[in-house]
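Novice: Please build the complete structure, drawing on both the sequences and the hints.
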Amino acid sequence: MKPIDTAQGNATVSAGPQTLGVAIRADGLARHYQMGSATIRAVDGISLEIREGEFLALLGASGSGKSTLLSLFAGLDHATSGTVFVLGRELGAMNSSELSRHRNQTIGMVFQSFNLLPRMTVLENVELPLRLGEVPRTERGARVQEALARVGLAARAAHRPGELSGGEQQRVAIARALVNRPRILLADEPTGNLDSHTGEEILDLVSEINRPANGAAATTVVMVTHERPLAERYAHRLVTIADGRVAREEKQ
Amino acid sequence: MKAADLTELAARNLREALLRNTLTTLGIAIGVASLVAMLSLGVGLQDLVGRRLERSGLFDSVLVRPPGAFAGPGQPPRQGPRNGSDEPAAPAKPLDESVRQQLAKIPDVVEVYPDFRFAADARLGSAGHLAQVASLPLSAASNDAFEGMQGHFFSAPDAREIILQLDFARELAETQQLQPADLLGKEIVLRYAGRQPLPPPGDTSAPPAGEELSPDEAALGFSIVSSETPLRVVGIISDEANFSGAGGFGRAGAYIPLAIAQGLRVVQGNDMTEIIRDSAATASERYANLTVRVSRPTAVPQVEAAIQQMGYSVFSLLDVTRNLSRVFAILDMLLGIFGSLALAVASLGIVNTLAMSILERRREIGVLKALGASDRDIRQLFFAEAGVMGLFGGVAGVGVGWAIGRIIQFVTTIYLRRQDIPAENIWTVPWWLIAGAIGFSILVSLVAGMYPASRAARLDPVDALRAE
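Same order as they appear, the protein sequences are chains A and B.
The opening residue of the first sequence carries number 3 in this note's numbering; numbering runs sequentially from there.
The opening residue of the second sequence carries number 69 in this note's numbering; numbering runs sequentially from there.
I should point out that these hints are in silico values taken from the structure, not numbers from a laboratory.
It cannot be assumed that every hint is accurate.
One side only, chain B facing chain A, incomplete, derived with CB under 7 Å [said to hold, decoys possible]:
#, residue
1, Glu84
2, Asp164
3, Ala438
4, Ser442
Ideal Cβ positions, reconstructed from N, Cα and C, are used throughout, including at glycine.
Specialist: Below you can see the structure in the form of structure tokens.
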């Protein structure tokens, strides 16, 4: 783990949320699994409010339930009890196709293992959410180029993921998450498969995305990580999860 | 997702596991090929038989006879409308020229002609040979019995010409130490039993043969005298050629034009009954039967019904055709079932390939769902992959099936030629079979893709994303 460089950390942390609207609100959110006769309480009554434009880090040990919480925010998983509102809409009340639209339009997801489709080029990978969102073909080219330019990979559009470094692949994944201009970015251990230097580069990028630019509203970022120093450097708020519950909340 | 994007992604996915998907598609192609091959054979054979039957004149003819004529054993009376109503038919007139004209006016009737058939002694030089002589209408020229005959068909409706059956020609030629072909152009004399009107009582001079009878004369009866007529041999038809219409032109030793036969005043089988009937004193000649030729076999039932309404007995071979169609329908069905078996096996290949594909692409399915793909998108993607395999398999299968057909046709042609049988086209691939086979292939593939597609759509994205 990288030692905390306070000076550098202070320099990179943004000034905090610019808007006061609520991006995500969870009330008594729970997700229990049944494994044989045992009940796994992955998320066990979490209440949390994330403001628009906030950069929130979810910390915790493996199996603490932080990734499950992220899946619940993404609408990939269903809550056993409690509610979760994203931009004022309750996910539990949405049907399957509304949830798909939510994942396509409202949020962007970044994973630890990048999850790029290996047989597609960088361009095609980034274009995928636009295809799923039925964006007209004429608009797609420009949108993909814009997203790739934002992550500094415009020149690698024709490459396949296998031809890129880990950091570059994660940048492509971020471009893919941003291409539909979502208001919330959910990142599940985005630096987990990267060396510390590359990890910092990626978080610099995420942090930049979190900052409002050119009059556009800031993108809310919820990042799951177990690397506390990085979280302290980049996030506005740290929420530590233990045994499916909020164990600690720290403001930066 | 839009259809174009779906197809593009499906095609890309198929290219990914090229060998496996090609083998699966090949399986479908073989299935479709066997289906196309089987059905083409069925259709081809049906066409062949249909063509033969149509040209034989068997199924577009209705034989008309006086009421009750078919009431013999084994032939149930077919009087009155077919629907079994008990309405008594109108009393029928004897079959004469006026009835013939009346029958000709029924819609869809092409021609109506009597059938003359009599025994005659054909003489070439001094030797004679007894033969069955039958009359032929000029329309018989299109009958395939005259295909490949030596010489030609009658040159005119009233030409004094005769066509011989090869057997008979051979017998006749032997008497003069000639070959049958040598008879062409030669004149032979037919001696037959002719009718001669009886002179009125007291008048001893008989009217010359061929003179029209007055009703009174006919009422008095006639005498049977030996008559002769010279005819030129213009054609010889093979022994195998055997046409038997619905009482039309059955096999005979020699054939003469209808108009000539009519003018010969030959004694006919019905003469004896006509002479003792009360109504004998009518103007024109009576026919033992009339053959009604109909424009197409499908019009036969209505023409039959119309004639029955007039009070005559009718007979046609249409029921036989109906049975034949049934036989072919069953044959086609059986061939289709056997052909489809291979396609059914191939469809299992699709299920297998797509199920394997789901296992391999679990993570990808999870990613797609995380990026906003709905269950429907995933289902459609797998459906599209199955459909694309079905389309390619179908197109390739039709090509292979067609090729198999050409080969079978080629081999059959060689075999038939070796057996001295004229080559026949037993292979027909109609456009509807091509379109149907490709459509069926896509349909079968889609049905086979249903289970894998719904399984893929139901995958839990959280589980799928965890997959290695």
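Novice: Measuring from the C-beta of Ser442 (chain B) to each C-beta in chain A, is the shortest one below 7 Å?
Specialist: holds (4 Å)
Novice: Against chain A, run the beta carbon of Ala438 (chain B) and see if the smallest gap drops under 7 Å.
Specialist: Because about 5 Å separates Ala438 (chain B) from the closest Cβ in chain A, which is inside the 7 Å limit, the hint holds.
Novice: Take the shortest C-beta to C-beta distance between Glu84 (chain B) and chain A; is it under 7 Å?
Specialist: Status holds, d = 5 Å.
Novice: Is the interface hint satisfied for Asp164 (chain B)? The criterion is a beta-carbon contact with chain A at less than 7 Å.
Specialist: violated (82 Å)
Going down the numbered hints, you'll see the structure goes against just number 2.
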